[in-house]
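Novice: Please construct the entire structure, taking both the sequences and the accompanying hints into account.
Residues per chain, in single letters:
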Amino acid sequence: MANLKIKHDSMKPPVTYLSIEDLKTTTAAHDLGAQSRRTIGDFVYRKTISHTYYSFEHSESADFDEWCKQVSEIDIDFQGEFNSSIETLECAIRNFSFWKNLVRDFMDAIEDYKGHQKECNNFSQISEGSAKRLLLLIPILANHKPRIYIDANNGCFNADMQTRDNGILSAQISDGGQIFYSYVAQNNKIFKITGTAKFKDFRDFIKFNKVLQML
Amino acid sequence: MSTQVLVGKNITSGNASRYLKPKWILGGNSISTEAFDLREGDPPETYVSHFLVASRDLSEVFISAHTLISQRIQKCHRGSIAILEIEEALHEVNDEPVPFIGFVEKDLPHCGLIYLTPDQEKIQEAKATLCILAKNRMSSVAAIIQNSTASPCLQDPA
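Line by line, the protein sequences give chains A and B. Reading the first sequence from the start, the letters are residues 1 to 215 in our numbering. Reading the second sequence from the start, the letters are residues 1 to 158 in our numbering.
Just to be clear, a hint being listed does not mean it is correct.
Examples of chain A residues lying across from chain B (beta carbon under 10 angstroms, computed) [what the hints assert, rightly or not]:
hint, residue
1, R147
2, D151
3, N158
4, N166
5, A171
6, Q178
7, A185
Restricting the straight-line Cα-Cα distance to at most 20 angstroms, the calculated cross-link-like pairs of lysine to any residue (SDA-like) are [stated by the list, open to error]:
hint, chain 1, residue 1, chain 2, residue 2
8, B, K21, A, Q117
9, A, K189, B, A89
10, A, K192, A, N209
11, A, K114, B, K23
12, B, K23, A, Q117
13, B, K21, B, H110
14, B, K135, A, A185
15, B, K23, A, F123
16, A, K145, B, L26
17, A, K114, B, D37
18, A, K189, B, I132
19, B, K75, A, E119
20, A, K192, B, P97
21, B, K75, A, G115
22, A, K192, B, N136
23, B, K23, A, H144
24, B, K21, B, R137
25, A, K198, B, E121
26, A, K192, B, I132
27, A, K189, B, N94
28, A, K192, B, Q120
With beta-carbon atoms standing in for the labels, derived distance ranges [to be verified]:
hint, chain 1, residue 1, chain 2, residue 2, range
29, B, I145, A, E66, 45 to 55 angstroms
30, A, K210, B, G28, 16 to 26 angstroms
31, A, C91, B, A142, 36 to 46 angstroms
32, A, N122, B, R72, 11 to 21 angstroms
33, B, P97, A, E66, 40 to 50 angstroms
34, A, R203, B, K9, 50 to 60 angstroms
35, A, N122, B, Q71, 21 to 31 angstroms
36, A, H116, B, V104, 19 to 29 angstroms
37, A, K207, B, L108, 40 to 50 angstroms
38, A, K100, B, T12, 43 to 53 angstroms
39, B, Q71, A, C91, 44 to 54 angstroms
40, B, L108, A, K114, 29 to 39 angstroms
FYI, nobody ran anything at the bench for these hints, they're computed from the structure. Backbone N, C-alpha and C fix where the C-beta goes; we use that ideal spot for every residue, glycine too.
Specialist: Below, the structure is given as structure tokens:
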């Protein structure tokens, strides 16, 4: 758990500050080059002038709401002309180019899956609901180099991430607002932290960051 | 998956080898849960293919596994092979009153890993646990081939 210091300013909303070491244990780990770029994010980082602390906005960011709005408006046709859907998606993420690599991984997973679908008729159709919810998570997944793939049993997206203790955090995003996750590693023996995150509003997916802090 | 019908005899011990595609290997030699997904074959498969390997000598397990797998997968030299001790896997994964996974015979030495629960949360945990177990006993096919030509005996991969 991050060691937090709460700073209150009568002129501004409360802002939670994290030390550099704390950042390494949270999803806020990020290169300094990103500081000057506009990200979704005020929820990501903002370097203070005289301190080596980085701020983490406690409240939801309006930019994340904008990202949610754009994702919700994307119409991806997995069964028809997927190329036109890609163009739509790339247009939507133009203002969020920081995550283009992960969006590319997302598209590669779809292309790979569609390739297998042609060979095996029993593959489930890709879940659009799961796809959109994975896109929502991209801002907070981006720094963890997830392996994205689609479960042929139900067409839902999965993200696997290696943890700092050589374990694995695996998450499947359902089409109904649930994320099934399991963190498994070995200390003295194999241990597991498993659960289901449930979100009813797209804008709340940002809170999955709490689970990713285990990484 | 709750409608699966177990076919074949249950297997409770032995070494089950699994071919790992290169894309299933994450950084740091971790394994993606995709390696234990149900996604192969047509008609619909209800198990994840493994091959039982005789375990007379631990050092030869990988060589034996490669011999079996290379007969069925032409381009296996690009990937890796993981060995699951079935008894250990069942013990580590099935830690609740209702088991999550099982292993069944499928025309030996071919056998299948089956999921016994429709609960996606439990399936996610089972796959992640199998990944950790497989990671502890994994070797690239290239290394297996190199070692088998250099020496008949392999060092303990763990």
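Novice: Now tell me if each hint is right for this structure.
Specialist: To see whether the hints hold, each was checked on the structure:
no., hint, verdict
1, R147, "5 angstroms, holds"
2, D151, "6 angstroms, holds"
3, N158, "6 angstroms, holds"
4, N166, "6 angstroms, holds"
5, A171, "7 angstroms, holds"
6, Q178, "8 angstroms, holds"
7, A185, "7 angstroms, holds"
8, K21/B to Q117/A, "18 angstroms, holds"
9, K189/A to A89/B, "13 angstroms, holds"
10, K192/A to N209/A, "18 angstroms, holds"
11, K114/A to K23/B, "16 angstroms, holds"
12, K23/B to Q117/A, "18 angstroms, holds"
13, K21/B to H110/B, "18 angstroms, holds"
14, K135/B to A185/A, "11 angstroms, holds"
15, K23/B to F123/A, "19 angstroms, holds"
16, K145/A to L26/B, "10 angstroms, holds"
17, K114/A to D37/B, "16 angstroms, holds"
18, K189/A to I132/B, "11 angstroms, holds"
19, K75/B to E119/A, "18 angstroms, holds"
20, K192/A to P97/B, "16 angstroms, holds"
21, K75/B to G115/A, "18 angstroms, holds"
22, K192/A to N136/B, "16 angstroms, holds"
23, K23/B to H144/A, "17 angstroms, holds"
24, K21/B to R137/B, "15 angstroms, holds"
25, K198/A to E121/B, "12 angstroms, holds"
26, K192/A to I132/B, "11 angstroms, holds"
27, K189/A to N94/B, "15 angstroms, holds"
28, K192/A to Q120/B, "15 angstroms, holds"
29, I145/B to E66/A: 45 to 55 angstroms, "53 angstroms, holds"
30, K210/A to G28/B: 16 to 26 angstroms, "24 angstroms, holds"
31, C91/A to A142/B: 36 to 46 angstroms, "43 angstroms, holds"
32, N122/A to R72/B: 11 to 21 angstroms, "20 angstroms, holds"
33, P97/B to E66/A: 40 to 50 angstroms, "47 angstroms, holds"
34, R203/A to K9/B: 50 to 60 angstroms, "51 angstroms, holds"
35, N122/A to Q71/B: 21 to 31 angstroms, "25 angstroms, holds"
36, H116/A to V104/B: 19 to 29 angstroms, "24 angstroms, holds"
37, K207/A to L108/B: 40 to 50 angstroms, "48 angstroms, holds"
38, K100/A to T12/B: 43 to 53 angstroms, "48 angstroms, holds"
39, Q71/B to C91/A: 44 to 54 angstroms, "49 angstroms, holds"
40, L108/B to K114/A: 29 to 39 angstroms, "35 angstroms, holds"
Every hint from the earlier list agrees with this structure, and none is contradicted.
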